[in-house]
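**Student:** Sequence:
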Amino acid sequence: MTQDNEDFADLLAMTEIHLLQEYSRKDWLLTDRETYEYFKEFSSKNRPAPSAQKAPKAPPPPVIPKSPAIQKPPPPPRKPIPPKKPTPEAPKPEQKKEPLTSSTPIELHPPSSPKAAEFADIHKILTTKVPSQKIIDSIPDDTHAKSVLNQWQKKDQNLEVIILCSDKETSHLTFLANLAKAIEVHFCSASVISTKDQKLEQLLNTPELKLVICTEKNVTSLGDSKAPILRLQDLEEYLKDPQLKAGLWKELCEVKLASSC
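Just so you know, we're using my numbering here: the sequence shown kicks off at 1 and counts up by one.
Fair warning: there could be bad hints in the mix.
[Stated by the list, open to error] Keeping only pairs whose Cα atoms sit at most 16 Å apart, straight-line, the calculated EDC-like set for lysine to aspartate or glutamate is:
#1 Lys217 with Glu237
#2 Lys196 with Asp167
#3 Lys26 with Glu37
#4 Lys168 with Glu236
I should point out that these hints are in silico values taken from the structure, not numbers from a laboratory.
Construct all of the structure, not just a fragment, from the sequences and the given hints.
**Tutor:** Spelled out as structure tokens, the structure:
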């Protein structure tokens with residue numbers, strides 16, 4: 001193919017593309033007769049030969065609807081079978097239990113006393129092997145040990161000096177606790193007791209009580225107690241002025257608590 005033929009083929013292709021983009025296949029274009037005759041002759045030469053006409057296919061056979069199936073009427077519902085009632089059983093006659101009897105009477109005997117453990121062999125071995133150890137044959141009396149053990153329970157019951165306190169200030173409580181400890185070391189038993197203590201009334205009426213130390217606002221908590229009273233000033237004053245502490249201790253010495261202990 002020459003260069004002119006290639007250019008002509010490209011021009012035809014571009015023209016076809018342009019026509020397809022601008023017009024549809026059903027559009028009609030006006031042209032002169034010479035151009036029409038030329039393209040008519042060109043298209044007739046390039047038209048493919050007509051193929052043999054195929055025989056038309058036979059139409060499909062008509063679909064005959066099936067006759068509806070004859071439906072049988074549903075069977076009637078079955079009647080429910082009534083449940084069988086259990087036949088009541090005849091009550092069985094109660095059998096009386098006859099008391100157990102024995103031909104020989106039963107004798108009750110007191111339990112035999114347990115045999116005392118024998119430590120003779122152990123005693124002999126210890127005496128031979130460890131002669132320096134003392135072996136005690138009988139258990140010693142522990143009455144004194146029990147009294148010492150329970151002494152803490154009677155501490156508040158045997159108080160001779162009670163220091164009443166209704167203050168929750170830590171510094172005030174520390175001052176009163178130190179005062180009670182000093183009295184206990186130098187004179188007799190003493191303790192700080194709260195005015196809300198449930199046993200206060202009982203403690204104030206014990207015969208061992210020799211002195212009650214309290215501030216003016218706690219005097220009403222004494223009730224009917226007949227114990228001597230040592231009235232304190234405001235506790236904050238004792239913390240500010242050490243001379244007041246010395247004066248308080250002098251008053252305690254004048255009470256002569258040591259002679260009453």
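**Student:** Does each hint hold? Answer for all of them.
**Tutor:** Outcome of the hint check:
Between lysine 217 and glutamate 237 the CA atoms are separated by roughly 15 Å; this keeps the pair inside 16 Å, and the hint holds. Distance restraint check for lysine 196 and aspartate 167: the Cα-Cα separation of roughly 11 Å lies within the 16 Å cut-off, and the hinted pair is therefore satisfied. Of the supplied pair hints, the one linking lysine 26 and glutamate 37 is violated, its CA atoms being roughly 20 Å apart against a limit of 16 Å. About 13 Å separates the Cα atoms of lysine 168 and glutamate 236, which keeps this hinted pair within 16 Å; it holds.
Taken one by one, the earlier hints fail for this structure only at number 3.
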